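*Asks:* Below, each chain spelled out in residue letters.
Number of protein chains: 2
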Amino acid sequence: MLKKAHPAMFGIVFFLMFAMLGQLLAQQTLEDVKQARGLDDNDVLAAVKTFMPRGGRDEYFAFVGTGNSGTMIVYGIPSMRIYKYVGVFSPEPWQGYGYDDESMLMLKKGSLDDRIYNYGDMRYPALSETNGEYNGKYLFYSDGANSRIAMLGLDDFETKQVLPHPLFVNCFPGVAVTENTEYVIQSSQYPAPWENKTADPEKEFDSKFKSGVTFWKFLDPKEATRSGHHIGRMIKEESFTLELPPFTLDYFDTGREGSKNFVVGLASKDGKNFIYVIDYSKIQNKVTSRFNEANIVSTKAAVDAKGLAMIELPEAARKVKVTPDGKYFITASDNAMVFDFDKVASALSNGTFSGKTAGDIPLIDAASVMKGKVNIGKDVMDLAFDYRDGVVYASAFSDKKIVRWNYNDMKTEGEVSLTFKPGQLMTPQGMSAAPHSNYLVAVDKEGLYDHYPNVGPVRPSFQHLIDISSDNMRDIYTMSLPQANIYGSVSVLRTTIKPIIRYALGTNTRTGEISDFKTVAGQEKVERQGNRVHVFGTLIRSHITPEIVEVNEGDVVTFHLTNLERAEDETHGFTINTYGKHGSFEPGKTASLTFVADRAGAFPYYCTEFCSALHLEMEGILLVKPKNWKGKVEKEVALTKEELAKYKQDYEKKVKVIKETGDVINGVVKFLKENDYAKYPYVKALVEDAFDQLEKGKFAKENYEKYAKEGKWKDAFLWAEQYWQYQVKAADVGLRAKTLLEEKLQGGK
Amino acid sequence: MLKKAHPAMFGIVFFLMFAMLGQLLAQQTLEDVKQARGLDDNDVLAAVKTFMPRGGRDEYFAFVGTGNSGTMIVYGIPSMRIYKYVGVFSPEPWQGYGYDDESMLMLKKGSLDDRIYNYGDMRYPALSETNGEYNGKYLFYSDGANSRIAMLGLDDFETKQVLPHPLFVNCFPGVAVTENTEYVIQSSQYPAPWENKTADPEKEFDSKFKSGVTFWKFLDPKEATRSGHHIGRMIKEESFTLELPPFTLDYFDTGREGSKNFVVGLASKDGKNFIYVIDYSKIQNKVTSRFNEANIVSTKAAVDAKGLAMIELPEAARKVKVTPDGKYFITASDNAMVFDFDKVASALSNGTFSGKTAGDIPLIDAASVMKGKVNIGKDVMDLAFDYRDGVVYASAFSDKKIVRWNYNDMKTEGEVSLTFKPGQLMTPQGMSAAPHSNYLVAVDKEGLYDHYPNVGPVRPSFQHLIDISSDNMRDIYTMSLPQANIYGSVSVLRTTIKPIIRYALGTNTRTGEISDFKTVAGQEKVERQGNRVHVFGTLIRSHITPEIVEVNEGDVVTFHLTNLERAEDETHGFTINTYGKHGSFEPGKTASLTFVADRAGAFPYYCTEFCSALHLEMEGILLVKPKNWKGKVEKEVALTKEELAKYKQDYEKKVKVIKETGDVINGVVKFLKENDYAKYPYVKALVEDAFDQLEKGKFAKENYEKYAKEGKWKDAFLWAEQYWQYQVKAADVGLRAKTLLEEKLQGGK
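From first to last, the protein sequence lines are chains A and B.
Under my numbering, the first residue of the first sequence carries the number 359, and numbering increases by one thereafter.
Under my numbering, the first residue of the second sequence carries the number 359, and numbering increases by one thereafter.
Treat the hints as calculated values from the structure; they're not laboratory data.
Here the structure is a predicted model, which means the values were calculated and not measured.
We put the CB at the ideal spot given by N, CA and C, even for glycine.
Accuracy of the hints is not assured; some may be wrong.
As the list claims (entries may be wrong) - Only pairs whose alpha carbons sit at most 27 Å apart, straight line, appear in this in silico BS3-like list of lysine-lysine:
1. A:Lys714 x B:Lys392
2. A:Lys985 x B:Lys561
3. B:Lys1102 x A:Lys1011
4. A:Lys1004 x B:Lys561
5. A:Lys630 x B:Lys640
6. A:Lys759 x B:Lys561
7. A:Lys758 x B:Lys392
8. A:Lys630 x B:Lys736
9. B:Lys1004 x A:Lys630
10. B:Lys714 x A:Lys1004
11. B:Lys1028 x A:Lys758
12. A:Lys999 x B:Lys1028
13. A:Lys630 x A:Lys594
14. B:Lys1014 x B:Lys1102
15. A:Lys1012 x B:Lys630
16. A:Lys1102 x B:Lys1102
17. A:Lys630 x B:Lys1014
18. A:Lys1102 x B:Lys392
Stated by the list, open to error - Computed footprint of chain A on chain B, listed as stretches where at least three residues anywhere in the stretch have a Cβ under 8 Å from a Cβ of chain A:
19. 441-454
20. 471-480
21. 633-647
22. 719-729
23. 952-960
24. 1000-1014
Claimed, not checked - Distance windows between CB atoms, simulated:
25. A:Gly1069 x B:Glu595: 53 to 63 Å
26. B:Arg473 x A:Lys1056: 22 to 32 Å
27. B:Phe649 x A:Gly396: 38 to 48 Å
28. B:Lys1072 x A:Gly396: 27 to 37 Å
29. A:Ser565 x B:Val1015: 55 to 65 Å
30. A:Val914 x B:Phe649: 28 to 38 Å
31. A:Glu905 x B:Ser647: 29 to 39 Å
32. B:Phe649 x A:Glu975: 57 to 67 Å
33. A:Gly396 x B:Asp1034: 41 to 51 Å
34. A:Glu905 x B:Glu553: 18 to 28 Å
Only chain A is shown next, with the shape it has when bound in the complex (with noise of 0.2 Å):
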């Protein structure tokens, strides 16, 4: 112990210590830092080159599923740093995901039988698209392990809709969405039975397994309002699914412009790998039955329509991907083959078949619609585009290395070897028409220790950030990514999506609607009928209303919150303790948290967001009564003379604070004023925000210039104490607001 040693001996081991610990930082010289990280010239450019500035954006926003969690990690490039964890298919806490009836209701609606599922398995997510370029409104995944779709706006990274399949048991963890997202594709993975949904997997399998690919119509805001929605949708109605033999069905992509109508993907059985060719155009209006409200298209009426084909591949593929300029489908096998859509399409229109497969499925000969092929290398993964023309990057994963080839002159152009074994592939806004050519991702499939810190024996995921925008690639940094098992992602230029940063007063987010429970300053309530008790309250620095709420043993009740914050990043949480309901309500929101009050006594309820430095004052108590409890005196007791006076004396006191106050905020909106603070947008946003919080504190002002005229001084101190934390807020987020307005006169960024 360092501690218990001679003072002198300390003052050499402190040395000593202080030598070696701050020897890395003390140094103050690139050329130091350098030599004293072991770091060469290349490390420093890529540190410069991912290293993020106080206040710098990231070009990009990243979309990644986490394979088993049902949470999706946006992320950004590149920085590499994880923005937020949004859940999806399972509950998730800290937002209070499936925890608030709204949410609840969301996830309950995902199930076709009512059972809860916590957990998912996505992987491959698609962004919302508009020509085949990415919109920046939504965003589809599905869930390969408990059969769902969902989809979440990206407004406000919220769910907002989750589907159960009608008919799949299992799905392949992946979507992909038509052209002008007329459709979400989502299909089945593993053969399972359908309608007869018992079946002998060793001597049944032929006769009763099936497969399928469903097209999940989509309708975007201005027409959701067809079907009553005011954010898109997808309607089970206006959706079918093709049914196929029991093929084990893997990756699969969507056409774009010539080939819009297209969908080709991976197939497999009895050992032999196929691409599926499906034109959707041919069966959508061709459903042959129903099951369990699902429209289906059998195999025969999908062939019949020259709907339907197959391409027998000479090799196993992991991926087949589209070019961004349609004309293509490009397969990550070692040989990676070029096939060539318009050659295809004739084929299937003209029926110029090799042959046939199970379920007389006709069979397109490969050698006939394939440009060529290209060898890249050793147990392929996948396949990523560039903006330019023709080039494409594929990774070998047991060659460790990145090859950059080119689809126009199938020839290779280069090539980046790497100290790991690349898995997927991803370049931002790649899987639209209009990729990027600055930054490649690449999945690290076998994350030694010997490379990574050793936190137990379940590791993070890893992924590299490659520099493509020379000749000269490079791998510039290893970002770690907790809770994910990584298979894909997608990426689109940060600007492309607006989010919003409040929601309109009383929103229920899942819908979009304003929610029947919205409850504004001053209309807070308790309602009973029988045992069915309803709270209606509001969150507000640094108040939550009611504070006290009595209920008897064995009530039904629900609180129905909304947060009346107008200002930015004001996020209240509610939790009862060891009542186990919790929620987040961010500013605007309106939830309901519904529970059976099944056990008395007092519990404090209380924000678990930090909001302010008056955060610890939102605090409640809900008093569960048992039978007979007669401690409650209810009547109010009267003040005596003494408490009056004083009364009076913190009601003069207050009165001068918010005189104070006033001048604060007086001397604020003047400076406001005269530096024209309406041409900056951020800055008018706050200052609208604060003269929203005066102008709520009003009835307040009003209540306590009554009372004080009666001389009801308790009142009176209450309800102008009341209006000083309106005054506050306002006075928070207008020194916010000139603070900002400051640094724009001062030309900061």
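Model the placement of chain B on the given structure of chain A, informed by the hints.
*Replies:* Only chain B this time, still in chain A's reference frame:
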């Protein structure tokens, strides 16, 4: 749409587009990148101080609670990369925490009344200590929302124990440990009734609402066998709670060396602020009553034993922290107050009091025990210590600055102005007897969108890494922490923690004991007693055994699965489609999944973690047979002559492949031996794994040779296939070992 433009136009737009997108990165000199990305020299220095080159290791692990999600985050310093989210108070799907029977049982023990809690409120963790220094073994958390305490083992970063508080309905969400982790200390936060559970918060507050401080007895491994455990445990029977009048309690800390028997914490009541001082050595044997199996020490008993007093503070404080040498405790308040522990201890033992407060608790006069105070700034939020004698940092929220000062000479030494409002502070090892002096982490309590990318109404938390290694303190990295509401964190030198890579085969990871359900290769079986079915299965690349499980509708089924892998990072996931069951199986782990087979059908089960190139083959089918189902024909059909001949052919082919694979293995073994592989621990571990795999395959080899002799070609082929699987795994691991050894020989890091 670019792609519909005239080709020439396209070329121009493409050029502009590419020029814009690529310019940031195409630059290959430091100066070019600096200019393109708008970085200055300080940014470059910051970048190289935090950049982690491929294979580099962070100096520290940091642990931070998420606030209300019930999950712990592990990240590295200085890279600020997040390595892990660990489920503590909430189920966590990615690791199957709260999903398998073992962890579900552990979480259920964390509830007094079988209520399932799926969130928590965890803020200030504590690491286990030996002589006041971190020993890297355990970590503790308090759940403020649902009154629980948890212990994590740092050998595998898993939660090992969750206990409900027997008295409090509300806890302060922080813990502290005594100098040798004899006790883990937890307190209440908001007062609430205990025994007499319902009480009127307005009329009966002082008479029936209570607070308390609990000392949870902790037994470390060598002692833990006293209660039959193999890993550390908190023992309720030997724990005790000091009952206090209804003070609102807040942050507390424990003494060291001379002050090792003391706990000091913040308390407030009726607008007055106090520090409570407890000498636990005086009260641990003064139990006055028991309730709910909890030992209670009354306030009076503690006062009589000279084990409890309070100090009234002249101003409110947000923290109280004990100095590394244990001589002082200091308040985080606008005027930081330094109290002398010796003087406080003397006052307490001599009864030198200035009065009394609620519950007749004696008051020690603040001035008489205060060394002095130093003005820091406005709204001081937290303190952190440096290794240098007397050095302490304080964050002034409203002043946007962190002040370095010295509690020896009570002088400020410097400050760093920030662009954000700093909250909690953390120095690596800062809460132990041996803080380090290179980094300071400060939480950004007000992350406006003007400084960060907008990701919707709910944003992540942000914290900053500040270089404190020189007089020129500087904010060098902004870290984003998703799903976190950051309050406090602790950090330890990475090398202090020695995580394991795999478990002993068949380990129940929650108890550390070998599971009764451990299953080894070849002993997989299905046992039935009435409608209770136990499946004893194994997981190993690339098979789930058994591959078909048949049960009857209504059976209660348990899958007991053991991951047989010995290789590094070979976790297998397991899920049964749409049956809502999911688990994560690290190498060596045995866990159980129990469910009612309440829906007939055929349900694929599969591995949800990418485990090898043959990952997709880890699949099987659960057949749930409805009553009277006749589909399945049980008896084996004899093979035809042709089939037999085909199997013989397949067998011979496989034996040839086995020979070739064997040659590869022998070549690798030769290389390894010639190059003294055993000198390199990591390489050695891999080689042992490889031999382990081969050894395991022996029975398969014996079987295929036996069946071949008997002319049973189907069985011979299947066993040969099985043996080859083991061989491939051995070769795979062996090749990894060879690669690693080559790197070592070439002097790689």
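*Asks:* Next, verify each hint and record whether it holds.
*Replies:* Each hint tested on the structure:
The suggested pairing of Lys714 (chain A) with Lys392 (chain B) is violated, with an alpha-carbon distance near 60 Å, which exceeds 27 Å. Pair hint Lys985 (chain A) plus Lys561 (chain B) holds up; C-alpha atoms about 19 Å apart against a cutoff of 27 Å. For the hint linking Lys1102 (chain B) to Lys1011 (chain A), the alpha-carbon distance of about 75 Å lies beyond 27 Å, and the restraint is violated. Simply put, Lys1004 (chain A) and Lys561 (chain B) have alpha-carbon atoms about 20 Å apart, close enough for the 27 Å limit, and the pair holds.
With a CA separation close to 78 Å, the supplied pair Lys630 (chain A) and Lys640 (chain B) exceeds the 27 Å bound. As the CA atoms of Lys759 (chain A) and Lys561 (chain B) are separated by approximately 74 Å, the hinted pair breaks the 27 Å bound. Between Lys758 (chain A) and Lys392 (chain B) the alpha-carbon distance is near 31 Å, which puts this suggested pair outside the 27 Å criterion. Taking the CA atoms of Lys630 (chain A) and Lys736 (chain B), the gap is about 72 Å. The hint is violated against a cut of 27 Å.
Among the hinted pairs, Lys1004 (chain B) with Lys630 (chain A) is consistent with the structure: their alpha-carbon atoms are about 18 Å apart, no more than 27 Å. For the suggested pair Lys714 (chain B) and Lys1004 (chain A), the alpha carbons sit about 25 Å apart, so the restraint of at most 27 Å is met. Note on Lys1028 (chain B) and Lys758 (chain A): the hinted pairing holds, with a Cα-Cα distance of about 24 Å set against a maximum of 27 Å. For a cut-off of 27 Å, the pair hint linking Lys999 (chain A) to Lys1028 (chain B) is broken: about 99 Å separates their Cα positions.
About 33 Å separates the Cα atoms of Lys630 (chain A) and Lys594 (chain A), which puts this hinted pair outside 27 Å; it is violated. Simply put, Lys1014 (chain B) and Lys1102 (chain B) have alpha-carbon atoms about 34 Å apart, too far for the 27 Å limit, and the pair is violated. Of the pairs offered as hints, the one joining Lys1012 (chain A) and Lys630 (chain B) holds, with about 19 Å between alpha carbons and a cut-off of 27 Å not exceeded. Proposed proximity of Lys1102 (chain A) and Lys1102 (chain B) is contradicted: the alpha carbons are some 54 Å apart, above 27 Å.
Taking the CA atoms of Lys630 (chain A) and Lys1014 (chain B), the gap is about 23 Å. The hint holds against a cut of 27 Å. Taken as a hint, the Lys1102 (chain A) and Lys392 (chain B) pair is honoured in the structure, with Cα atoms around 23 Å apart against an allowance of 27 Å. Given a C-beta distance limit of less than 8 Å, the hint that chain A covers the segment 441-454 of chain B holds, as 9 residues qualify and 3 suffice. Closer than 8 Å: that is the beta-carbon criterion, and the segment 471-480 of chain B has 8 residues meeting it against chain A, so the requirement of 3 holds.
Here's how the segment 633-647 of chain B fares: 0 of its residues keep a CB closer than 8 Å to some CB of chain A, so the rule of at least three is not met and the hint is violated. Under the rule that three or more residues need a Cβ within less than 8 Å of chain A, the assignment of the segment 719-729 of chain B is violated, with 0 such residues. For the segment 952-960 of chain B, the assignment as covered by chain A holds, since 4 residues bring a beta-carbon within under 8 Å of that chain's beta-carbons and 3 suffice. Counting residues of the segment 1000-1014 of chain B whose C-beta lies closer than 8 Å to any C-beta of chain A gives 0; at least three are required, and the coverage claim is violated.
A C-beta distance of roughly 60 Å is found between Gly1069 (chain A) and Glu595 (chain B), which places it inside the suggested range of 53 to 63 Å. Taking 22 to 32 Å as the suggested C-beta distance range, the pair Arg473 (chain B) and Lys1056 (chain A) does not conform, at roughly 43 Å. Judged by the Cβ atoms, the range 38 to 48 Å given for Phe649 (chain B) and Gly396 (chain A) is violated: they are separated by roughly 59 Å. Taken as a hint, the range 27 to 37 Å is violated for the pair Lys1072 (chain B) and Gly396 (chain A), whose Cβ atoms sit roughly 58 Å apart.
The beta-carbon spacing between Ser565 (chain A) and Val1015 (chain B), approximately 34 Å, falls outside the hinted interval of 55 to 65 Å. Remark: the range hint 28 to 38 Å for Val914 (chain A) to Phe649 (chain B) is upheld by a beta-carbon distance near 30 Å. With their beta carbons about 32 Å apart, Glu905 (chain A) and Ser647 (chain B) fall inside the hinted range of 29 to 39 Å. Between Phe649 (chain B) and Glu975 (chain A) the C-beta distance comes to about 31 Å, which lies outside the given range of 57 to 67 Å.
Separation of Gly396 (chain A) from Asp1034 (chain B) is about 26 Å and departs from the stated range, judged on CB atoms against 41 to 51 Å. Taken as a hint, the range 18 to 28 Å holds for the pair Glu905 (chain A) and Glu553 (chain B), whose Cβ atoms sit roughly 25 Å apart.
Violation of the numbered hints given earlier is confined to hints 1, 3, 5, 6, 7, 8, 12, 13, 14, 16, 21, 22, 24, 26, 27, 28, 29, 32 and 33; the remaining hints are satisfied by the structure.
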